[in-house]
Structure formats: structure tokens, C-alpha cells
Amino acid sequence: MAAPAEVVTDARPNAISLRWIINGREDLIWFIGSVLSSYALLLLYIKGIVPLVPLVALWAILIDAPHVFGTFSRTYFDRTERRNRARLLWGSLLFFAVGPLMVYLGAGLIFFFLAALWAYYHLVKQHYGFMVLYKKKNGDLAPVDNALDRLLLFFAFNYPFVAFIAQDPEAMARVPPVLQSGVNGLVMFLLAGTIIVGVVWVGRQIQRATVGLPLNVPKYLLLAAAIPMHWIVLLTPMPHKPIAIVAILTIYHNLQYHRLIWFHNQKYTSKTTGVRSGTPTMGEGSSDVTKTDLQAKYGAAELISRRLLFYIAFGIVFGLLYQGPRQYLGYVSFNERGSTGALTEPAFATQLAISFLWGYAFIHYYLDSKIWRVRRDPSVGKALKMD
Numbered sequence: 028m029a030a031p032a033e034v035v036t037d038a039r040p041n042a043i044s045l046r047w048i049i050n051g052r053e054d055l056i057w058f059i060g061s062v063l064s065s066y067a068l069l070l071l072y073i074k075g076i077v078p079l080v081p082l083v084a085l086w087a088i089l090i091d092a093p094h095v096f097g098t099f100s101r102t103y104f105d106r107t108e109r110r111n112r113a114r115l116l117w118g119s120l121l122f123f124a125v126g127p128l129m130v131y132l133g134a135g136l137i138f139f140f141l142a143a144l145w146a147y148y149h150l151v152k153q154h155y156g157f158m159v160l161y162k163k164k165n166g167d168l169a170p171v172d173n174a175l176d177r178l179l180l181f182f183a184f185n186y187p188f189v190a191f192i193a194q195d196p197e198a199m200a201r202v203p204p205v206l207q208s209g210v211n212g213l214v215m216f217l218l219a220g221t222i223i224v225g226v227v228w229v230g231r232q233i234q235r236a237t238v239g240l241p242l243n244v245p246k247y248l249l250l251a252a253a254i255p256m257h258w259i260v261l262l263t264p265m266p267h268k269p270i271a272i273v274a275i276l277t278i279y280h281n282l283q284y285h286r287l288i289w290f291h292n293q294k295y296t297s298k299t300t301g302v303r304s305g306t307p308t309m310g311e312g313s314s315d316v317t318k319t320d321l322q323a324k325y326g327a328a329e330l331i332s333r334r335l336l337f338y339i340a341f342g343i344v345f346g347l348l349y350q351g352p353r354q355y356l357g358y359v360s361f362n363e364r365g366s367t368g369a370l371t372e373p374a375f376a377t378q379l380a381i382s383f384l385w386g387y388a389f390i391h392y393y394l395d396s397k398i399w400r401v402r403r404d405p406s407v408g409k410a411l412k413m414d
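Here the working numbering is used: the sequence shown runs in plain steps of one and ends on residue 414.
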């Protein structure tokens with residue numbers, strides 16, 4: 028795997044900055060260009076080429092659940108992480124109890140509403156995370172730019188999401204009644220904020236160019252991929268939209284994450300040191316490390332990341348165990364709601380089971396907010412070659 032590229036400039040010194048997370052080719056394919064997967068699913072669905080149920084089920088089992096497994100591969104399956112983050116990892120298992128408890132107490136509608144909000148926030152947070160990596164790589168850390176970038180993501184991603192809820196009866200049916208009257212007002216606030224922040228943000232980029240500050244091209248490309256896709260998907264009419272857009276929006280997120288995980292997880296393999304078959308070998312910039320040493324240090328994480336095929340196979344097995352039952356229960360719940368998709372209180376047992384399975388996603392969301400902090404965890408920065 029190639030090392031991250033250094034700063035590349037055109038004829039004007041320092042006019043642009045082109046430092047990548049992995050390298051230009053890999054980043055453009057996986058972190059930016061993989062947005063095309065969302066457009067592909069959108070077209071397949073709205074053109075009626077792929078029906079809703081197989082679209083969502085195949086995506087969930089083959090792509091989405093394995094990306095949750097990617098988080099587990101570098102936490103629960105990593106012996107070192109289990110030791111260093113024991114309280115975080117074992118405490119996170121309590122998320123399995125949150126949904127069933129709320130459903131048991133009669134707050135199922137509130138639980139599923141909050142779960143959907145957290146799921147969307149998680150998508151936006153990943154875009155923010157990739158943006159921050161590009162900002163660190165390219166030295167784009169001026170306080171004014173940090174503030175404007177955060178505001179842009181907040182408004183530009185949240186406006187189309189709330190507008191979708193306001194326009195779609197199925198989505199509005201999932202909002203607790205006490206909140207429904209405020210949705211239209213929130214839409215107008217977010218639209219106004221998006222326009223204002225967008226104008227100021229563009230003005231700041233023009234100012235940076237005029238005073239000779241480097242322009243962070245990878246960041247621009249990431250935002251140009253992610254923001255329009257969310258607007259197009261969320262504002263395009265389609266049947267059973269609250270269900271369909273979960274797969275359509277998230278597949279881009281999934282592919283980005285899989286590539287980042289695989290890049291990070293190379294620390295578990297001998298590929299980074301040139302070590303083979305347990306025999307110490309001195310590679311360039313490496314130390315005497317054997318495959319046995321890696322197995323002893325990292326445990327199952329070393330096996331999972333030893334081959335790409337292993338990572339994929341383990342991920343799909345996990346997908347069958349996790350998303351297989353969840354997709355079946357979701358199908359049952361969908362049929363219980365009738366052809367309109369409106370919430371008509373699915374059977375208590377169905378709600379209970381689905382809410383329990385949400386625990387896997389919650390653990391993924393929560394751990395993700397903790398394990399990628401480059402400044403707080405030097406081992407993450409080293410694995411991602413941030414220096």
C-alpha cells in the first residue's frame with residue numbers, strides 16, 4: 028500500500044494542497060468516488076429494476092452488517108483493545124437492553140424515532156470524520172475554517188433530512204405527535220441557515236485563494252460528493268421512502284468505512300513489516316516481529332485481517348446472523364403496517380426483537396465516536412499514517 032502523498036502544487040506555490048489519507052487513487056475510488064454506489068441504488072429502485080425488499084435485505088446482509096463487523100474487528104476481536112478499553116467495550120453491551128426496555132415501557136415509537144435520528148447522525152458524523160482527516164493531512168486547521176466547515180455540514184446535511192420528513196407522510200408518521208407541529212418551522216430555519224452559511228463558506232474559500240492560503244482539494248471533493256447526494260436522495264420522491272433511503276444513503280458510508288477499516292487493520296498483519304511464517308525479518312523501517320507475535324498481541328483481529336477474503340467472509344457470516352433475522356422481522360413489521368407503511372403498532376414481540384437487534388448498530392455508532400480520535404490515541408494516527 029502506497030504511503031500518503033506529500034503536498035502537491037501547481038504553477039503557483041502552495042496554491043493547492045493534495046494530501047490524501049491512503050493515496051490519490053485509493054481515496055478517489057473509495058472515499059469520494061464510491062458515492063456513485065448511492066446513485067446506482069437510487070436509479071435501480073426508482074426505475075423499478077430492483078424491488079424494495081431484496082434491495083434492502085441484500086444491502087443489509089452483504090454490505091451494511093459487515094461494516095458493523097469492521098468496527099468489531101478492531102475492538103472486541105483485538106486482544107489489545109479489549110484490555111485497554113475494557114470498560115468502554117463491555118459497558119457498550121448495555122445498548123442491547125435500551126430498546127427492549129423502552130418497548131416494554133410503551134415507548135416503542137419514541138425509541139425507533141430516536142434510533143433513526145442516531146443512524147442519520149452517524150452518517151453525517153462519518154462525513155465529518157473524513158473531512159477532519161483531510162483537514163489534518165492538509166494543514167487546514169485555522170479556527171475560522173474549522174467553525175465554518177462544521178456549520179456547513181450541520182446545515183447542509185440536516186436541511187434535506189428534515190425536509191424529507193416534512194414532505195413524506197410515512198416519515199411523518201414515525202415522528203412522535205408532540206414534535207410534528209414543529210417540523211415545518213425547523214425546515215425553514217435549516218434552509219435559511221444553509222444558504223447563509225453556504226455563502227459565507229464559499230466567500231471564505233475565495234478569500235483563502237486571494238491571500239495565497241492553500242486550497243484543501245481533497246476536502247472539497249469529499250464535500251462535493253457527499254452533500255449533493257444527500258440532497259438528491261432525500262428530496263427525490265419514491266415509494267416507501269423511509270425504508271428505501273436507508274440503503275441508498277448508507278451504501279456510500281459503508282464502502283468508505285470498509286476501505287478505512289482495511290487500511291487501519293493492516294497493523295494486524297505482517298504486510299507492514301515484511302514478516303513471513305513466524306520468521307523474524309527486518310523490513311524497511313520495521314522491527315523483529317513475527318506472525319506469531321502479531322497473533323499473541325492482537326488475537327482474532329490478526330486472523331480476520333490476514334486476508335481480504337477472510338475479512339469479507341467473516342463479515343458476511345456476521346451479516347447473516349445479525350441482519351438476517353432483522354430483515355425478516357422488518358419484513359413482518361412492514362406487512363403488519365399495511366400497504367401505506369404507516370405505523371400501526373406491529374406485534375409486541377416483533378418490536379421487542381427488532382429493538383434488541385438495534386443494539387448492534389448502537390454499539391457501532393457509539394464505539395465509532397470513541398475509537399477514531401487521532402489526537403487522543405496515537406496508535407490510530409500511526410495506523411492511518413497521519414504523520
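Derived from the structure by calculation, the hints contain no laboratory data. Please note: incorrect hints may appear among the correct ones.
Simulated pairs of lysine-lysine, DSS-like, Cα-Cα distance not exceeding 27 Å [said to hold, decoys possible]:
id, residue 1, residue 2
1, Lys152, Lys397
2, Lys163, Lys318
3, Lys152, Lys74
4, Lys324, Lys409
5, Lys409, Lys163
The structure displayed is predicted, hence computed values, not measured ones.
The hints, checked one at a time:
The straight-line distance between the Cα atoms of Lys152 and Lys397 is roughly 12 Å, inside the 27 Å bound, and the hint therefore holds. Between Lys163 and Lys318, the direct Cα distance comes to roughly 32 Å. Violation of the 27 Å bound is thereby established for this hinted pair. Annotation: proposed proximity of Lys152 to Lys74 is violated, straight-line Cα distance about 30 Å (limit 27 Å). Proposed proximity of Lys324 and Lys409 is supported: the alpha carbons are some 17 Å apart, at most 27 Å.
Pair hint Lys409 plus Lys163 holds up; C-alpha atoms about 13 Å apart against a cutoff of 27 Å.
Hint check: violations occur at hints 2 and 3; the rest are consistent with the structure.
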